[in-house]
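**Q** Okay, here's what each chain looks like letter by letter:
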Amino acid sequence: MTHSSTSMIKNPGHFSISDRLRNALVVFAMIGVATFLAGLRVDPDRIWASFLLNHFYFMSLGLGGIFFASIQWVTGAMWSAPVRRLSEALSAYLPVVAVSFAILCFGIPHLYLWSHPQHVQGDLVLQGKSGYLSSGFFMVRNFLAIAIWLFLTHKMVRNSIAQDQDGNYKWTAKNRVLAPGFLILFGVTFTMASFDQLMSLDPHWFSTMFGIYCFSGLFYSTLAAICLLTVYLKSRGKLDGIINENHFHDLGKFMFAFTVFWAYIAFSQFMLIWYANLPEETGYFLHRFHGNWKGVSLFLLAGKFLLPFFILLPREAKRCPTLLAWVGVFMLIAQWVDVLWMIQPEFFAEGPRVGWQELGVALGFLGVFGLAVFRFLAKNNIVAIGDPRLSESVFHHHQ
Amino acid sequence: MSKQNLAGVMGIYENPHILVEAMDQVRKANYRYFDAYTPYPVHGLDAAQGLKRSPLPFITFSAGLTGCILGFYLQYWTSVIDWPLIVGGKPMNSWPAFVPVMFECTILFAGLATVVGMFLLNRLPNQHRKAFDPRLTNDQFALVIEASPGVDEVPSSAQKQSKTYKPFLESEVQEFLRRTGAKEVKSVYTEEWF
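These protein sequence lines map, in sequence, to chains A and B.
If you want this note's numbering, it's the 1-based position in the first sequence plus 3.
If you want this note's numbering, it's the 1-based position in the second sequence plus 59.
It should be emphasised that the hints constitute simulated quantities derived from the structure, not laboratory data.
Just so you know, even glycine gets a beta-carbon here, dropped at the ideal spot from N, CA and C.
Incorrect hints may have been included.
[Stated by the list, open to error] Taking beta-carbon pairs under 8 Å as the criterion, some of the chain B residues facing chain A (in silico): (1) Gly147; (2) Pro155; (3) Ala156; (4) Val158.
[Claimed, not checked] Pairs of lysine-lysine, DSSO-like flavour, derived with a Cα cap of 27 Å: (5) A:Lys237 - A:Lys382; (6) B:Lys111 - A:Lys256; (7) B:Lys149 - A:Lys297; (8) B:Lys225 - B:Lys87; (9) A:Lys382 - A:Lys13; (10) A:Lys241 - A:Lys382.
Excised from the complex, chain A in its bound form (with noise of 0.2 Å):
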């Protein structure tokens, strides 16, 4: 059936989370702060590990709500307009990235053994790289690259929001200009921040294919809380008669699909390097299959990529709301272990370590992450009201 009315879509309006849960945000928030100075007393090097684990994954989430909504720019899609703006709230937490990005640069010294002069000579293979390994140009290219992220989030945002006042197709038309050119930057930009804060972790080691699977995690834990968002808010009663089971339906499938993107990736990186079995590329699976770190890499196994792939795979469980919040809350935690999984071995080799030290500062990144992406939402509407395709998304059904 074809309805072209927008008028028969009530606008939900904003949306104001409860005192109670603000209150827990700031408190997580200030938790947070309190480990990170405790920390730094107790033991720097671990606590900037975690600092460091909590700033990618939290990063990795911003900027996975903007690719998202480049993504439904650039392809025109339909079926996403009623989800779209809560993707762009999640990037909303990008300015606190430039933040984090700033403290972690004191932070360099405990995490990165190519900042230590005394390491670097006498290792041919270190000095090689000295002239991209240096915390200057390292803070350089990172800051540019958080600068670019910002500069065009804030332009196409702000594009959308403009579109919910008088619904002119020509705020899609220059957003459909910006999300291409994001897009390819992002692919640089992103692909050097992870070889920089994480592969650089050990400097010796390399893999060409570290930066998209990185971008497999990110794309991951951004649907997973696209869809968490989406049904908090539908539980609330916000988006009665405008989400219905058909977009959880896409929501899932998109959830399955890079459940499955993730382990293709994992799996190639991998198999390329036990295949090749050379020396100065092994290492870093060969530190995270011994020890306890045997047992989280099985777990990445059956809880990142198993697990989801099958309770994801039949119809009803896709259009399930509770059922899909429940996954997307173990695929958010499947994705801070692969983060964990990727940081601690370079400074823990007997196994994994999750303490106060690494709890206290995800609560302190969580809290001021949801009050980052409640506040846009109490600022701005949270469905792109004036969007040419929301009226045909809305009574969109599946055959």
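Using the hints, position chain B against chain A.
**A** Frame of chain A, contents of chain B only:
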């Protein structure tokens, strides 16, 4: 060619909305065999027709799983049991090297089984049901209430006992289809192959 074998009564509709509504009435009237013929997929028609979900996904999944296991077995048998050969200093059962082939076998089996399953479930190829009217591939929509099951359509005993259906009476059906908004109603006859 004989005009003896009555296949059913066809109603021709001008747009998909009327067709979906007519289909809804036909389902409620409790006729046993009926189907729609449209130039393109019409949204909502499946529900109006009361079609259940296809069992095809289960065929695809089972075949995919079979392909995955057979793909592993093929490589395990050749490189561990039948002709053990050390390659690159790796163990006989080097499963990471097997995964791409297992994946390909999964896709191959699942893909082929889906195509074959689709043909079987749709009872294709079918030489007895030709396009009843050339307009149905252009801009018209048809609904056919069939007189009896097709030659290749043997009703299962479970279906037979489940409920009683409205009997097919040519003139009554013609009148019924006219009431549902068909702009043209006609009886159609089976054509034998050549």
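**Q** List in ascending order the numbers of the hints, as given earlier, that are violated by the structure.
**A** none
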